[in-house]
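Colleague: These protein sequence lines map, in sequence, to chains Y and L. Here numbering that gives the first Met the number 0 is used: position 289 in the first sequence is 288, and no number is missing along the way. Here numbering that gives the first Met the number 0 is used: position 124 in the second sequence is 123, and no number is missing along the way.
Derived from the structure by calculation, the hints contain no laboratory data. Be careful, since some hints might not be right.
Unchecked claim - Taking lysine-lysine and the DSS-like style, the derived pairs with C-alpha atoms no more than 27 Å apart in a straight line are: (1) Y/Lys26 - Y/Lys329; (2) L/Lys47 - Y/Lys14; (3) Y/Lys14 - L/Lys168; (4) L/Lys109 - Y/Lys26.
Claimed, not checked - Ranges of calculated distance between the beta carbons of each label pair, as one might list FRET restraints: (5) Y/Ala48 - L/Glu163: 56 to 62 Å; (6) Y/Asp456 - L/Arg34: 38 to 44 Å; (7) Y/Ser57 - L/Gln51: 45 to 51 Å; (8) L/Arg32 - Y/Ile330: 33 to 39 Å.
The beta-carbon is built from N, C-alpha and C at its ideal position, and this holds for glycine as well.
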Amino acid sequence: MERRFDMSDFERSLKDHADQFKLVPSKRVWNGIYNNLHPGSKWPSISIAIVLIITLISIGNLNNSPTHSNKNSQLTANNMSGKNESSDQLVDNNSSKKNVFQKHAVSGQFQNTNIISKQPSNSNSKNSFESDADKVSQNIVMKENNNEKISASSLAVPDVSKNKNFINWQQISFEEPNKQAENNFSNENGNQELTTYSNRNRSIESLPVIQNSLLSETINNSKNEILVHASFPEFVNPFQILPPSNNISNTDSKAINNTDFNSQKATATANVKKIKRKKNKNVEWTFYAAPTIGTVSFSKKGNTTVSSSNVSSVIILPNDPSFGLKRTAKIGFETGAEMSYKIFRKFSFITGANFTYSGYNNMSNLIHPTFASLNFVDRNSIIYSKSYVTNYGNGQSPNRIPLTNYSFEVSVPVGLKYNIWGNEKIQINAVSTVDPSIVLKKNAFIISSDGKYYINDASLVRNINLAGHFGSYISFSVNKIKWHIGPDIRYQLLSTYKSYYPSKEHFIDYGIRIGISR
Amino acid sequence: MVQGCLDNLSIAQEALYNRFSPRMLGVCYRYARNREDAEDMLQEGFIKIYSQIHQYNGSGALEGWIRKIIVHTCINVLKKNKKFSDSLDLIHASGIEISENNIPSMLQAKQVVECIRLLPIGYRTVLNLYAIEGFSHKEISAILEIEESTSRSQYTRARSLLEEILIKKKILQKPHETVRMVSMSR
Numbered sequence: 000m001e002r003r004f005d006m007s008d009f010e011r012s013l014k015d016h017a018d019q020f021k022l023v024p025s026k027r028v029w030n031g032i033y034n035n036l037h038p039g040s041k042w043p044s045i046s047i048a049i050v051l052i053i054t055l056i057s058i059g060n061l062n063n064s065p066t067h068s069n070k071n072s073q074l075t076a077n078n079m080s081g082k083n084e085s086s087d088q089l090v091d092n093n094s095s096k097k098n099v100f101q102k103h104a105v106s107g108q109f110q111n112t113n114i115i116s117k118q119p120s121n122s123n124s125k126n127s128f129e130s131d132a133d134k135v136s137q138n139i140v141m142k143e144n145n146n147e148k149i150s151a152s153s154l155a156v157p158d159v160s161k162n163k164n165f166i167n168w169q170q171i172s173f174e175e176p177n178k179q180a181e182n183n184f185s186n187e188n189g190n191q192e193l194t195t196y197s198n199r200n201r202s203i204e205s206l207p208v209i210q211n212s213l214l215s216e217t218i219n220n221s222k223n224e225i226l227v228h229a230s231f232p233e234f235v236n237p238f239q240i241l242p243p244s245n246n247i248s249n250t251d252s253k254a255i256n257n258t259d260f261n262s263q264k265a266t267a268t269a270n271v272k273k274i275k276r277k278k279n280k281n282v283e284w285t286f287y288a289a290p291t292i293g294t295v296s297f298s299k300k301g302n303t304t305v306s307s308s309n310v311s312s313v314i315i316l317p318n319d320p321s322f323g324l325k326r327t328a329k330i331g332f333e334t335g336a337e338m339s340y341k342i343f344r345k346f347s348f349i350t351g352a353n354f355t356y357s358g359y360n361n362m363s364n365l366i367h368p369t370f371a372s373l374n375f376v377d378r379n380s381i382i383y384s385k386s387y388v389t390n391y392g393n394g395q396s397p398n399r400i401p402l403t404n405y406s407f408e409v410s411v412p413v414g415l416k417y418n419i420w421g422n423e424k425i426q427i428n429a430v431s432t433v434d435p436s437i438v439l440k441k442n443a444f445i446i447s448s449d450g451k452y453y454i455n456d457a458s459l460v461r462n463i464n465l466a467g468h469f470g471s472y473i474s475f476s477v478n479k480i481k482w483h484i485g486p487d488i489r490y491q492l493l494s495t496y497k498s499y500y501p502s503k504e505h506f507i508d509y510g511i512r513i514g515i516s517r
Numbered sequence: 000m001v002q003g004c005l006d007n008l009s010i011a012q013e014a015l016y017n018r019f020s021p022r023m024l025g026v027c028y029r030y031a032r033n034r035e036d037a038e039d040m041l042q043e044g045f046i047k048i049y050s051q052i053h054q055y056n057g058s059g060a061l062e063g064w065i066r067k068i069i070v071h072t073c074i075n076v077l078k079k080n081k082k083f084s085d086s087l088d089l090i091h092a093s094g095i096e097i098s099e100n101n102i103p104s105m106l107q108a109k110q111v112v113e114c115i116r117l118l119p120i121g122y123r124t125v126l127n128l129y130a131i132e133g134f135s136h137k138e139i140s141a142i143l144e145i146e147e148s149t150s151r152s153q154y155t156r157a158r159s160l161l162e163e164i165l166i167k168k169k170i171l172q173k174p175h176e177t178v179r180m181v182s183m184s185r
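I would like the entire structure built from these sequences, with the hints used as guidance.
Modeller: Here you go:
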């Protein structure tokens, strides 16, 4: 652009007056510019949103996934069934009825056999062997010359009273434990496969009979009858196979008789304990987030005025009213997880992990770079000063800019929760904790000793601090999720700055905590 | 401050904004239809300033460089919205009547600016670019994508219309030949 020099008086006068014209833009303009230039500055809100989402997903998963006891019961059931995927229906896992079908960790072939079901397989009550609570015999009859293909689910528990059911084995071979075993039942001609049992690791581990005596042993019992027993006193020993004594050699029967039932009992007892293990109702995990408003309080250290008479004259309190310094609150946040353990009727012990972003704004103004100093007091109450170069005034002139003092901390709160009032659905609790914390990120603008400038020196901030929390929350349950909402106050117990800085600063955060637990 | 803006420091950016935004909003206000439009122009202009500040070599005044970007932003916004293309029609301006009531009773700079804003937007744009920003008619024709003669005639009519307004407001004294603004000094 080339400036014209042939401007008339009118144009020149017009230009002069137009150039004098000023308008103060609204804050909306700067906010729009700032958001455009620094889109990343939204990370606190985004991080809170992410934490909330993750928390909700976690709780959703916890609610939807089977409980620990259910898993154990499934595991036990699988142990009982040899993880036989195709024949899960054969097993009645109802331990109260002690109704378990035995599985065979064997592989073998039937010759011209078939299985005849004498009772419906889907009836638990009928499948239970009520006639003998300690010994449950299950008999499967394989009849020859029946080529009808059956499925595993069609295997049924016959009536004990009609205890004349037999398996007609041609060959039963036992494989190594911890190895997949298949039990293929097929007719003699190999035309029709009756069923397939996939037997995996754990099932064979619980087969001491097989492990001890019958490994890789083939029992030839061609066209004879084998009585298969499942004896479950109190708990389940589903893999015990008791061949008829007249068909197995003495050595084999001795091996079977010498089976260590104690170890089986121990294993089964452990499984039962796992099944019976329930969620500890005394422990409760809460995930929470809290938007906060950060403010600050100042105080002079007690020993500075006492130990040295001239200290007070050179130490400037950051909140000295004579300087008219202005500070504004800043929005922060807290988030974390909290575990409460009930120790008494109304008291619970609390601990967990907590992240805190806290701070406030100092109103300053830009100035030409100038020297400013800070006075410090050492342990011997000797005052010394440190000079800085700064371009931040104390905000007494127009065009103020905010300088943010903040700290981002991770802490481990330890405290107590007291149940003030409530029932199962709604409760009011008071919580008080002490939070030892580590400062992860920090920044500090400190007023100079003459009160005229702000100095940026984050190294003065403590790396480890201590804060106190107090809050009162209303807890209520909605759809199995327990919500905790209430006011929360956090007070920084130790000064923000290191001990040689002669003034104490304490962050105070006021927030609304929102937490969820199961 | 410029270095801080180059380093993308928000403090420096805000300082730059605080320093120049009032005057630049005054510039935008002369081009815009209303204050909201002016603020939108200002926002867009400052975003350009921060994104292009590395092009500022420090040889000239920073304010001049910023003003140049702001003015171009205002023109681009007007062109985008086609707000002045229709009003560049000469016939459109012929029927304008300036009544005493239209003239705001304000003082000095704001008074003059408000009088300028009473002009149709096409007149106003040419007047702003020629009389206040100091562009030549050739430059204006290139910027606004109009004929150079159109720019001249637009300016002539805009000036006469503005003089009429200023005389009615008693900011200018008759006769036109000895145009002199009165009570301009603070």
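Colleague: Going through the numbered hints above, which ones does this structure break? Give me the numbers in ascending order.
Modeller: none
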